[in-house]
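What follows is the residue order along each chain.
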Amino acid sequence: MSPYISPLFGVAMSVSVLLIMSSSHWVFMWLGLELGTLAFVPILTWWHSSLEVEATVKYFIVQAMAAAMFFFGGLVSTGTEYISSLNQIVGNTGEVMIMLAVAMKLGLAPFHYWVVDVVQGLNYIPGMVLLTWQKVPGLMVLTQLGTTYNSFFLLTLGVLSPLLGGLGGLGQTQVRKLLAFSSNAHLGWLVSGCVIGSLLGITYFALYVVLSLPVFLFLHLLNAVHLNHLRMSLMFNPASGMLVGIGFLSLGGLPPFLGFFGKWLLLTHLVDGFLLGLAIMLIVGTLVSLFYYLRVSYLCLVILGPQQVMIGLSWRKIYMTNLVSGMVVLNMIGLVLVGGVSCLPK
Amino acid sequence: MMTIRTLRSPQLALGVRVCGRCWRHDGPRHQRADPLGTDGARTEAKQEVDGAQTAARPKGFRTKVAEFFRPARDTINEVRKYANETWTFMKRDDLEQLMFEDSRVLWKFRGPEDIDQWMVASDKEMGGKSEAHLTLSENNTAFFHGVTNLEVPKDGVTRYSGYAAMRSKQQQAAFNRRSQMDFSPFNVLNLRVRGDGRSYMITMAAEGYFSSQWDDLWCYFFFTRGGPHWQDIHIPFSKFFLTSKGRVQDAQCPVPKDRINTIGITLGDKINGPFELEIDFMGVTMDLTHKEEFAYEQYYQGPRRKRFTKKPLLSTKDW
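Chains as they are written, first to last, in UniProt numbering: chain A, 1 to 346; chain B, 1 to 319.
For lysine-lysine, the following BS3-like pairs were computed, each having C-alpha atoms within a straight-line distance of at most 30 Å:
hint	chain 1	residue 1	chain 2	residue 2
1	B	Lys-291	A	Lys-177
2	B	Lys-239	B	Lys-291
3	B	Lys-169	A	Lys-58
4	B	Lys-245	A	Lys-58
It is worth saying that the hints were derived from the structure and are not from the lab.
Next comes chain B alone, as it looks inside the complex:
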């Protein structure tokens, strides 16, 4: 007997039981999110197939409407985020802490969520053979380890190789703006590490207004002992020197402590072999006994005032 149902699906005319939702396959009626009717158990292969099928399937009206309004929805979310940030800033519940604190722990590596705030890089991105990993150790500390390999990739461009680095992720504010860390109440950077005897470098990147400043990094070295004992490292901010694209700059200036984007640890000591660095915490402190503002010579730019001194009529210097 010809009915509307049989017109929809020829299988019905043949007496085959089909899905009452899509009329395309046999079997029980599937849920809306599971067109293949596998009772929620989807394999990755099936997901790929679904994705391909979904991509190939013409978009429905609802999907098109949702895609049309997605930029507006994202903008509204960003506006909400911005309003929330402004309100939090004006309310400033942490103001008492900011006004009276003498030290602040920046990162205390105790769980995966702390490790996720960092990213790892090595010369593998340029074709090198170094490897670097950042994991949580069995002592619940950050474990930065890997292998440095000095072999230069044969691309005709790279001349040096063999580095590994870990860097904190850039904090983002609303509308994809970069959010900076303010260390201006403090003057010393503290680390508690346990290393392998190799020499590492602490790097700090600050927010640069000009494009020529985007590669600026303030660096300083710290040397690990390699024993089983922990090391407490205190590096004053006055000791950090300015580099740009790996080159130490002639015109040095102190770290702009109120606009720090990221902090990182780099290993590039020209040694082939494995490395291991365990980090307990990173923090900043105000050390009242440290009076130095900047440790390096700053070249005076411009002509100096000449001192007008009376020269004697007969000077032995001219003989």
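The shape of chain A in the complex, shown without the other chains:
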């Protein structure tokens, strides 16, 4: 790809998010979603390998189908209610179609199977962008779908995601598929947070991005695609191996890491709102996914490789670890940051 064109795609993706954030008309939201999809597709095929092209085609087909459903839903809403603003639409077929389309775009259960196949075919960097940044447009649209009927529907999908994400990742040995199912599980929490309050959803999303970025980057640096490779990470590069293990513990929502506080925040609001059933279902789903998070952490932190080799050799050191390590350390000072903030008098 030409080095002069590639920044354009990044700019287009940012513009798509800004377009969605600043508009309430469904046509411009659709435009923003499509712009984001079309700008992201060339980034997926950056390395031009057959696996990445396959993943890109699958991604494009699903996104195009969802966009078509979104547009059709908007037309139905406008045709039946003569209202074009999403905020004012009171639950109808068109709105349900729009919600389903956004769920498909995000990879929310039960439309989550494409995420696994697509992420498996990509490298870690585009996969990271897919699972973090590409969620923003869909979440922006979801925060504007705010009627009672839609809340129940969205919360149902939100409850299903952690369960299916947990069950799907149980038998996985491919790390990328595991991360896809993990992302699906977190998406359930995200959507529940967005339904309850937009600020809550944004906070949880920010925490999820901070947790995920170092995990993806370290896995990319370790070039680990299978659990067996993580087993040997402690031998090749103990610092990165340990930080990946801590990152996965944080993703699993274990205290005192940062990942726990996102869930704690959401659970507090759910209990305050007497949504105990939803809280219990989310916790059950998280417990299931905690099983494979602990498995990965066990491999990274406890198991030593087959050979005891000098770890101080220069060729074993990998570059660009300072920034990433700092982000992982943030996991461990989450107790200070978030716990201290929450203890402040109201």
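Start from chain A and add chain B according to the hints.
Leaving out everything else, chain B in the frame of chain A:
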């Protein structure tokens, strides 16, 4: 005396003893599955006759009902198979082995059941004269043998001939889906063979999403010594090169180790004559000392970034 029995069979009226089940032939009453009453001893010819007679016989109501519900029964069986596969995958009893293994034996040819997992092909399918067989040797190993013949069949289309191949059978999952093998924890393919001095080729077929990828094969050669001693062959996955329909591709890429459909051995060294290859086992290993990811040049697709360097005002290059 006319009775109901005599009305059913005229033979009875004549005093001939007939079968009380079908009333069609004389002799003792036959079992339900043996209408000809041969006491269970059926010859092949009789089976053919029975088959023809069965086919010609109009189908009974029970048969028609069974045939009507057969697709539903097959679907239910496939659903059960799929549920069983999903449960086995989630339970994952082999997870500890998968997480901690450094090597795995794929095929250890010790009995007919191991040989049955492979199939053999040669140019005989196209009209050629090569022959290939895969049997169990007296040492309890796989014995791939036959004759390669370079004579081109005279069909006006085929230009080359003389190959023999053995390939593992495609593993099937529920609903006739293809099941792949996952070699991503490993980086070396191991073989223990004893050959005849000829050159063979290991081929691996991966699952392709597009139809243009369905003929993709990753290949590498191995050379046999021809002596009585066994050879241990180690081929890293990084050495396999991509071919499609027998042609080496310009745009090379490494083997997608997580979606291998079949592994095969091919002989096509343009030599007329017999061949013999004995295979003890095939396996994969993780070799920590092997750091190479891919051995072949990959063409960069797209314009490269130009380095902006200051050119001197007076350059001797322009003279």
